[in-house]
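Enquirer: Here's the letter readout for the chains.
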Amino acid sequence: DTGVSQDPRHKITKRGQNVTFRCDPISEHNRLYWYRQTLGQGPEFLTYFQNEAQLEKSRLLSDRFSAERPKGSFSTLEIQRTEQGDSAMYLCASSRGDRGLFGPGTRLTVL
Amino acid sequence: GENVEQHPSTLSVQEGDSAVIKCTYSDSASNYFPWYKQELGKGPQLIIDIRSNVGEKKDQRIAVTLNKTAKHFSLHITETQPEDSAVYFCAVPRGVSTGGGNKLTFGTGTQLKVEL
Chain H
185 DTGVSQDPRH KITKRGQNVT FRCDPISEHN RLYWYRQTLG QGPEFLTYFQ NEAQLEKSRL
245 LSDRFSAERP KGSFSTLEIQ RTEQGDSAMY LCASSRGDRG LFGPGTRLTV L
Chain B
1220 GENVEQHPST LSVQEGDSAV IKCTYSDSAS NYFPWYKQEL GKGPQLIIDI RSNVGEKKDQ
1280 RIAVTLNKTA KHFSLHITET QPEDSAVYFC AVPRGVSTGG GNKLTFGTGT QLKVEL
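Here the protein sequences come in this chain order: H and B. First residue of the first sequence: 185, per our numbering; consecutive thereafter. First residue of the second sequence: 1220, per our numbering; consecutive thereafter.
Derived from the structure by calculation, the hints contain no laboratory data. Virtual Cβ for every residue (Gly too), placed ideally from N, Cα, C. Mixed in with the good hints, there may be bad ones.
What the hints assert, rightly or not - Each computed DSS-like pair below joins lysine-lysine, with the alpha-carbon atoms no more than 27 Å apart:
1. B:K1261 with B:K1287
2. B:K1256 with B:K1332
3. H:K195 with B:K1261
4. B:K1287 with B:K1277
5. H:K241 with B:K1276
6. H:K195 with B:K1277
7. H:K255 with H:K241
8. H:K198 with B:K1261
9. H:K241 with B:K1256
Claimed, not checked - Reference excerpt, derived from the structure (chain H facing chain B, CB under 10 Å, subset only):
10. Y217
11. F258
12. G284
To be verified - Stretch-level coverage of chain B by chain H, calculated; a stretch enters the list once three of its residues show a Cβ under 8 Å from a Cβ in chain H:
13. 1276–1288
14. 1325–1335
So here's chain B without its partners, still in its complex pose (with noise of 0.2 Å):
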């Protein structure tokens, strides 16, 4: 099955700083990326995804690049505020071989803590 490794599990940055996270992936059919942020006794809240016909996509302060050839994608946030804390997961589709649905696997999760 697809085995999707996320980095790092935990990440503390100053307020306005950057925050990069990476998931790496085994399955090169892959071909869509999505992210999630997750807050505290909440569901998983899609942030911002990338197909794998383009190499970045950006929203506002927060962006996605993918390495297709070296099977990573990152998510990168800028100007970061106290409200981007909150566990982010990156997501894989499972058996894309087997076509239909967006059933995904999950990275195990980045604790990120934006301080004051």
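Extracted from the complex, chain H is given alone in its bound form (with noise of 0.2 Å):
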């Protein structure tokens, strides 16, 4: 197993439509996580899997965000209708303990 992997890298698309995002975790970690980064900042937390439970949505996770781990295994992101200020870095990150290991993120551009 080579990492965290991302699919897509990058994604544009045109305001209203939506998308989807699918993060593949390290075989072995039982969490994933969902992060946003915008140019210049931190990456923010999103979202919180224990398996294919989602435990816990940050206030940022807005009611056209939705994601899911149907089988505890890889994730999807899904975003709808998608605005401008949605424009920004998806990263997925996953951990069995403390050591969260991210992955190439994918790039989303908003027209």
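Dock the two chains into a complex; use the hints.
Expert: In structure tokens, the structure reads:
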């Protein structure tokens, strides 16, 4: 296993469209996290799964955002009716204990 | 919520010099302190971490020191090289008292530039 992978790496969409991102964590990691990072800022926590259970959602995660981890393995993050303010890097991380390891991120640009 | 302050925001050093980045935090219950390095267009890479039961940890040219009383921890890079140029983030667990997971609050980042 080579680490956390994310797909796609880049996504350009028009305002109002829906987008879905995928994260494949390190196989033995039971915890999975989504973060959002805007230019010049540190990552901001969005949501967290332990196995298939979504245990916490940040206030940053509006009703247009939904995340799933159906079998406790890969996860998807969907954004409905995208807005220009959604443009950011979406990062996935996984861990078994404290050490969170990040994927390369998905860069979203909303036109 | 947890408040994390990171200084400086930019740091320029000559190759071979040392670099020090400092973070302060507010939640005295915090017990895990990682540092991440992020290169342009890539995800953050964990470079070193420390737990609250030790005051210092070293891994080759990088070290982290922790002062729990003062609620600050620092990243030290010695013998800097051009490939150390990147943005460095400190992080602190969010909501330690609620337990579980590694949800992190990140500092604002330090752009380190190592000049030849």
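Enquirer: Hint numbers the structure violates, sorted upward?
Expert: 1, 5, 6, 11 and 13
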